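Enquirer: Chain residues, written in single-letter form:
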Amino acid sequence: GAGVSQSPSNKVTEKGKDVELRCDPISGHTALYWYRQSLGQGLEFLIYFQGNSAPDKSGLPSDRFSAERTGGSVSTLTIQRTQQEDSAVYLCVSSPSGGAPRGPDTQYFGPGTRLTVL
Amino acid sequence: DQQVKQNSPSLSVQEGRISILNCDYTNSMFDYFLWYKKYPAEGPTFLISISSIKDKNEDGRFTVFLNKSAKHLSLHIVPSQPGDSAVYFCAASAGSASKIIFGSGTRLSIRP
Numbered sequence: 351g352a353g354v355s356q357s358p359s360n361k362v363t364e365k366g367k368d369v370e371l372r373c374d375p376i377s378g379h380t381a382l383y384w385y386r387q388s389l390g391q392g393l394e395f396l397i398y399f400q401g402n403s404a405p406d407k408s409g410l411p412s413d414r415f416s417a418e419r420t421g422g423s424v425s426t427l428t429i430q431r432t433q434q435e436d437s438a439v440y441l442c443v444s445s446p447s448g449g450a451p452r453g454p455d456t457q458y459f460g461p462g463t464r465l466t467v468l
Numbered sequence: 085d086q087q088v089k090q091n092s093p094s095l096s097v098q099e100g101r102i103s104i105l106n107c108d109y110t111n112s113m114f115d116y117f118l119w120y121k122k123y124p125a126e127g128p129t130f131l132i133s134i135s136s137i138k139d140k141n142e143d144g145r146f147t148v149f150l151n152k153s154a155k156h157l158s159l160h161i162v163p164s165q166p167g168d169s170a171v172y173f174c175a176a177s178a179g180s181a182s183k184i185i186f187g188s189g190t191r192l193s194i195r196p
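Sequence lines, in order, name chains A and B.
Residue 351 is where the first sequence starts when you use our numbering, and the numbers rise one by one after that.
Residue 85 is where the second sequence starts when you use our numbering, and the numbers rise one by one after that.
Treat the hints with care, as some may be off.
What the hints assert, rightly or not - Here are the simulated DSSO-like pairs of lysine-lysine, each with C-alpha atoms no more than 27 Å apart in a straight line: (1) B:Lys122 to A:Lys407; (2) A:Lys407 to B:Lys140; (3) B:Lys155 to B:Lys89; (4) A:Lys365 to A:Lys407; (5) B:Lys138 to B:Lys152; (6) B:Lys89 to B:Lys122; (7) A:Lys367 to A:Lys407; (8) B:Lys155 to B:Lys138; (9) A:Lys361 to B:Lys122.
Calculated from the structure, these hints are not laboratory results.
Quick caveat, the model's predicted, so the values are computed rather than measured.
Could you put together the complete structure from these sequences and hints?
Expert: In structure tokens:
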């Protein structure tokens, strides 16, 4: 795989349902971020995984949001009891060493999952 | 609390002229600043960065200026080209292992 993949690319769900968004990062990358972009807004940090360290969950907007990263690779972002304000594009970012890149091509964004909550 | 702010949601510049995109930040602990470019239906891609120990970094047509006392940075693109039309995100981080905080983006349109 050449890059970060996310699935599904689009998800439409009804208010109150649970959704799972998946991210397959680049193999060997130790850091993984989830961001979301709501309509007209910037990129909002959600959660950051770095190696075996405890994830930085400071950006999760509520306890309805959770994320896991299994085996240091694939990550799943789960939103329980979805609300209309959860509608956004959810972006996964993979980085070889975490933190801010000190040069080009060291942080790779996935194509995103567009979530629409009706 | 927006730690990274891009107060201009959009900017239109004539082809060949200079594009200046501005960004302000509030967290004095930020020590690394980045600009990303995003085309429609694609994820953002890294463009240029600057460390807080510098006040200028240049890469071809792109130059980033950092004014720490004003907590302000700017991205200059000269000369502007049609392919530069995109959304530009300013971002910052505090420390080598910390998360990156993004601004809300500025949509740059280059007109013929």
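Enquirer: Run every hint past the structure and note whether it holds.
Expert: Taking the hints in turn, this is what the structure says about them:
no.: 1; hint: B:Lys122 to A:Lys407; in the structure: 25 Å, holds
no.: 2; hint: A:Lys407 to B:Lys140; in the structure: 33 Å, violated
no.: 3; hint: B:Lys155 to B:Lys89; in the structure: 11 Å, holds
no.: 4; hint: A:Lys365 to A:Lys407; in the structure: 24 Å, holds
no.: 5; hint: B:Lys138 to B:Lys152; in the structure: 9 Å, holds
no.: 6; hint: B:Lys89 to B:Lys122; in the structure: 17 Å, holds
no.: 7; hint: A:Lys367 to A:Lys407; in the structure: 22 Å, holds
no.: 8; hint: B:Lys155 to B:Lys138; in the structure: 13 Å, holds
no.: 9; hint: A:Lys361 to B:Lys122; in the structure: 22 Å, holds
Comparing the model with each earlier hint shows a violation of hint 2 alone; every other hint is respected.
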